[in-house]
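Please construct the entire structure, taking both the sequences and the accompanying hints into account.
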Amino acid sequence: MRYLFHRVVQAVVVLVAISILSFVLLHLAPGEFFSEIRLNPQISLASVDALRAQYGLDRSLPAQYGLWVRSALKGDFGYSFAYNRPVSSLIWPRVRNTLLLNTVALTLSWLFALLLGAWAAARPGGWEDRLSAVGTSTLFVVPDLMFALAFLMVAVRTRWFPAGGMMSLDMTGATTSSQLRDLSAHLFLPVLTIGLGTFPVLYRHVRSAMAEALASPFVRAARGYGLRRNQVLFRQALPAVANPLISLLGISFGLLLSTSLLVEIVFSWPGLGPILLESILGRDIYVIVGIVIVSAALAIIGNLFADVLLYWNDPRIRAEWR
Amino acid sequence: MSLSRTFVVPLAVLLLLHFVVVLAGFIAPYDPATQFRDHPFAPPTRIHFFDSRGGFHLRPLVYLWKSNGEFAKYEADTTRTAPLRFFLSGDTYSVLGVFHSSLHLFGVDEPAHVFILGSDGYGRDQFSRFLFGGQISLFSGLLAAGLSLGLGLLLGSAAGYHGGLLDALLMRTTEAFAALPWLYLLLALRAFLPLHMSPAQTFLLLIAVIGMLGWGRAARLVRGIVLSAKERNYVVAARGFGATEWYLLRRHVLPQTRGVILTQAAILIPQYILAEITLSFLGLGVAEPVASWGNMLSALQQYSVLTSYWWMILPGLLLVTVLLRYYILAQSLELRVESSPY
Amino acid sequence: MDETLLQVCELTKVYADRRPAGRTTEVRALREVSLAIARGRTLAVIGESGSGKSTLARCIVQLEAPTSGQICFAGTDLTRLDKRRLQPFRTRMQLVLQGSSAAINPGFRGWEVVAEPLRIQKSGSAEEQRSTALQCMQQVGLQADLAERLPHRLSGGQLQRLAIARALVLNPELLVLDEPFTGLDVSIQAQIANLLLALQREGSLTYLLVVHDLMMAGALADEIAVMQDGQIVERGIPAGVLMTPQQEYTRSLVTVARGVASTGASTTGSL
Numbered sequence: 001m002r003y004l005f006h007r008v009v010q011a012v013v014v015l016v017a018i019s020i021l022s023f024v025l026l027h028l029a030p031g032e033f034f035s036e037i038r039l040n041p042q043i044s045l046a047s048v049d050a051l052r053a054q055y056g057l058d059r060s061l062p063a064q065y066g067l068w069v070r071s072a073l074k075g076d077f078g079y080s081f082a083y084n085r086p087v088s089s090l091i092w093p094r095v096r097n098t099l100l101l102n103t104v105a106l107t108l109s110w111l112f113a114l115l116l117g118a119w120a121a122a123r124p125g126g127w128e129d130r131l132s133a134v135g136t137s138t139l140f141v142v143p144d145l146m147f148a149l150a151f152l153m154v155a156v157r158t159r160w161f162p163a164g165g166m167m168s169l170d171m172t173g174a175t176t177s178s179q180l181r182d183l184s185a186h187l188f189l190p191v192l193t194i195g196l197g198t199f200p201v202l203y204r205h206v207r208s209a210m211a212e213a214l215a216s217p218f219v220r221a222a223r224g225y226g227l228r229r230n231q232v233l234f235r236q237a238l239p240a241v242a243n244p245l246i247s248l249l250g251i252s253f254g255l256l257l258s259t260s261l262l263v264e265i266v267f268s269w270p271g272l273g274p275i276l277l278e279s280i281l282g283r284d285i286y287v288i289v290g291i292v293i294v295s296a297a298l299a300i301i302g303n304l305f306a307d308v309l310l311y312w313n314d315p316r317i318r319a320e321w322r
Numbered sequence: 001m002s003l004s005r006t007f008v009v010p011l012a013v014l015l016l017l018h019f020v021v022v023l024a025g026f027i028a029p030y031d032p033a034t035q036f037r038d039h040p041f042a043p044p045t046r047i048h049f050f051d052s053r054g055g056f057h058l059r060p061l062v063y064l065w066k067s068n069g070e071f072a073k074y075e076a077d078t079t080r081t082a083p084l085r086f087f088l089s090g091d092t093y094s095v096l097g098v099f100h101s102s103l104h105l106f107g108v109d110e111p112a113h114v115f116i117l118g119s120d121g122y123g124r125d126q127f128s129r130f131l132f133g134g135q136i137s138l139f140s141g142l143l144a145a146g147l148s149l150g151l152g153l154l155l156g157s158a159a160g161y162h163g164g165l166l167d168a169l170l171m172r173t174t175e176a177f178a179a180l181p182w183l184y185l186l187l188a189l190r191a192f193l194p195l196h197m198s199p200a201q202t203f204l205l206l207i208a209v210i211g212m213l214g215w216g217r218a219a220r221l222v223r224g225i226v227l228s229a230k231e232r233n234y235v236v237a238a239r240g241f242g243a244t245e246w247y248l249l250r251r252h253v254l255p256q257t258r259g260v261i262l263t264q265a266a267i268l269i270p271q272y273i274l275a276e277i278t279l280s281f282l283g284l285g286v287a288e289p290v291a292s293w294g295n296m297l298s299a300l301q302q303y304s305v306l307t308s309y310w311w312m313i314l315p316g317l318l319l320v321t322v323l324l325r326y327y328i329l330a331q332s333l334e335l336r337v338e339s340s341p342y
Numbered sequence: 001m002d003e004t005l006l007q008v009c010e011l012t013k014v015y016a017d018r019r020p021a022g023r024t025t026e027v028r029a030l031r032e033v034s035l036a037i038a039r040g041r042t043l044a045v046i047g048e049s050g051s052g053k054s055t056l057a058r059c060i061v062q063l064e065a066p067t068s069g070q071i072c073f074a075g076t077d078l079t080r081l082d083k084r085r086l087q088p089f090r091t092r093m094q095l096v097l098q099g100s101s102a103a104i105n106p107g108f109r110g111w112e113v114v115a116e117p118l119r120i121q122k123s124g125s126a127e128e129q130r131s132t133a134l135q136c137m138q139q140v141g142l143q144a145d146l147a148e149r150l151p152h153r154l155s156g157g158q159l160q161r162l163a164i165a166r167a168l169v170l171n172p173e174l175l176v177l178d179e180p181f182t183g184l185d186v187s188i189q190a191q192i193a194n195l196l197l198a199l200q201r202e203g204s205l206t207y208l209l210v211v212h213d214l215m216m217a218g219a220l221a222d223e224i225a226v227m228q229d230g231q232i233v234e235r236g237i238p239a240g241v242l243m244t245p246q247q248e249y250t251r252s253l254v255t256v257a258r259g260v261a262s263t264g265a266s267t268t269g270s271l
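Chains as they are written, first to last, in our numbering: chain U, 1 to 322; chain S, 1 to 342; chain D, 1 to 271.
Keep in mind that the hints were calculated from the coordinates and are not lab data.
These numbers come from a predicted model, not from an experiment.
Just some of the chain S residues that point at chain U, by a computed CB distance under 8 Å: (1) W182; (2) A188; (3) F192; (4) L274; (5) T278; (6) L282; (7) L284; (8) Q301; (9) L306; (10) I313; (11) Y327.
If you anchor each label on the Cβ, the simulated ranges turn out as follows: (12) U:W312 x S:E175: 16 to 24 Å; (13) U:W312 x D:L81: 55 to 63 Å; (14) U:S208 x S:G146: 27 to 35 Å; (15) S:V13 x U:L111: 34 to 42 Å; (16) U:S208 x S:E175: 16 to 24 Å.
We put the beta carbon where it would ideally sit given N, CA and C, even for glycine.
What follows is the structure, encoded as C-alpha cells:
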C-alpha cells in the first residue's frame, strides 16, 4: 500500500509540475499571446475582458496560477475564449471519445501483439518468426501519418467506410444496434491506423521477452519433464515475462495517446486532438493547458494502473516495500 | 560480410541524400516558392525520348500542356515540344546561405514546364519543394538529435559519475516524463511559442523543442554505462597511477558510451524527422511558403486532393524510404554495439 | 640490506554500510593490522575471502584512506601527507590487481595499456613512452608482436603479464599484488611465479603478495601473514606457518590446501 501511495504522490507531483511549467512558458511570451488574441477576429473583445476580470491577466504569475487552480478545483479548468464556456465542459465529451478510440485500439493491438509474439517466439528462427519480423519491421518504418492518409483515401474512394467523424448525421433517432454498427464503422479505420502504428513496437518487445523466457533454464526444465508446449507457454513462461510486459503496458498509454492525436485529426474523430490543434491555432490558452494536463493525467493513470499490476504480480516488489 | 552491407549501404545512401538536399538549389529546376498559377495540380511531366512521329532524340523532350478549360485537367500537346536542357541558368539560390548561384542541373525553357513530381494547388513544382523541404525535414531531425544526445551525454555522465542527488533527480524526472504522451507535449511546447516567426527563428526553435523530447532515454543509457565503467578495475588502476578524474572520464569512461550514442542517434533522428513533419503537417511547423515534407503532405487532408491527384503522396513514399534506411542502420548498429569488446 | 621499506602500524578500516531501509551497519574490514617488509623481500598475506586482504592492499597503495593507523614507506608516514606531497610516493609503489581482464581497458592496445602510467604522469614524449612500454613488455616475457593486440585477443597469462608490465613501467620499489594467480591455469601460474621471482632478483623489488593459495605463498614468500576477519592471526616463515601452524584457523587452511594439492596439480610447466 505504501507503494501505491508513493506512486500516486509522484503522479500528482508531475501533474502539478506540468501545470506550473505551462504557466511559466505562457508568461515568457505573454505579450505575444494576449496581443495576438486581441487581433484574432474570432474571439470577441467581451470574452477577453471577461477573462481579464476573472483571471487577473494583468496580475503576477503566481496570482494568475492561483486563480487558475481555484478554477480547476471548482471544476472549470479555466475558460475558453473561442467557445465562451468553461474549459472542462468543452473537454469532457472529447475525453470520452478519445478514451473510446484508445481503449479499443489498445486492447486490439496488445491482443495481436501477445498472440503473434508468443506464436513467433515459440518457433524461433522458423518461417513464422522471420515473416513476422519482416512484416512488423515494415509496419514500424511506415509512419502513422502515411497509414492514416492511405486509409482515408481508401475510405473516400471505395466508400466502404465513412471517411471520418464518429457518427453519421442521420443516427440520432435510430436503434441502439444500428447506432452501434454505425459507431463500429466509424471506429474501424482510425483503430486500424493506431493499431498498425503501435503493434510493431509491442510485438517486438513481446516476442523478445517471450523468446528469452522460453529459452531460460526453468522453462527448459519444464519441457524436459514432458509438459506440453502450450502448457509451458502459459503457466511457466507467461508469468516470467509479465514484468517487462506490464512495464511496457504502462508506457504504451502515452504512446497510444500520441498516435491517436494525429489519427483523430486526420479522420476528424471528435477527440482531444482536433480541439487541441484548433486551440493552438486560435490561441485559446486555457484550453491548451487543460488538454495538456488531461492527456498527461490519462497517461499517468494508465501508468499507475500498470504499476499496481506490477505490484500485484511481482512478490519481490511487495517485499521491498513492506 | 552482410553486417557491413547493412551498415555501409544505408549510411552511403543517407549521406548521398543529405548531400543532394544541400544542393537543392542546383538540382531543383525551380525555386520552391514560384507559383505557376495556370498549372495547378499538374501531373508529373513525362519525359520522352521518342517524339510523336517516332523520331528518336538523344536529348529527351517534354510536351507542353494545354488546358481544355477545366480546372487541373491537362492534355499533352504533342505538336509543341521543348528539349530538356542541362546546366542552364534559372532562379537564383544560395547553398548554405553562403554560396550564391543561378546554375541549375536541368530544366526547360518557358512556356514549358518540367514537373517531375507534378505540381501542387498553387502550381509549385513538387520536386523542387521536395528537395528544399528535405533541407528542413532532414536537418531538423539531425540537429535536434544532436541537441538531445549532447544533453543526454552531459547530464547522463554527470549523474552517473557523481551520483547522489543529481543522479536521483535525473532518474526521477526522466522516469516521470517517459510515460507522458510526447505529441501532446510537443504541441503544447510549440503552442507557447509565437505562431508567426521568421523561418530561421521557427527552424531553430523547432529544433530546440523537438530536441527536448528524447534526451531522457539517452541520458539514462549513458548514466548506466558511466556507472558501471567507473567501478572497473582499470579505472581504479589508473587512479593509482595518479590520474585525475577528468582523465578517467575522458579516456576510460566516455569512450564506452560511443556505441550507445551512435545507436541512439540512428533511432532518434528518424523519430525527430517525423516530429517535424507532423508539426508542419498540422500547420505548426515552418510557415508557408517555406517547404517541408510535412506541409507538402498536409494538402492531402482535403478529400479532393487525396483522391484525384495521386502524385501528391509521392513525398510520403520517399519519406518512407529514408526512414527505412535509418531503420536498417539502427539495426546493424545495435548488433555491432552488442558484439563490441566493451 | 635489511632496511624496512614498508611498515604498517595499527591500521584500521571501518566501512559504513548503508542499507536501503535506512539502517546503517558498520563493517570492520581491518582491525589494527601491523606488519613490516624489508627491502627486496616478499611478504605473503593469506586468508579467505572477506578476511580484509584486498582492503589492506588498497589502503597501502593509497587507493583508500584508512580510518586510523599509519603506513610508513621508507620511513615517511603516508597517512599524514596531503595529496600533493603524496604524489612522488605513489609512483614508488604500484598495485597489480586481480582479474586482469577487468583491470585492463578492452579498448586499449597492448603497449597503450603498459604506457598509460607514463602518459598519466606525463613523463617523456610519445615515442619515449612507447619504447619504455615495449621494454617493460619484453621484461615480462611478452613478445613485441603482442604490442598492437587488443586485450580480448590475449590469453589470461598474457594479460596478467601485461598488468605486471604496466606496474613496472614507473620503476616502483614496492609491488602490491592482489590475487595475481586467480583464474589462471596452474602451469601459467607457475610461469607468473617464476617471472615475479626473476624480476625481484633483477630489480631488488619488494613484494606484498595477497593470495589465498597457500602453496603459492609458501613457494614465493620470505614471510607469511595469515588474516582472518581483518586481523593478522599468525605470522612467520613459510616453513613454520605451513608445517607447524600455531593457530586453529591456520591449521584448517593448511589442511584444505594440502587436500587440493594432493589431487595432483602440477606446478611445472613450459612456455
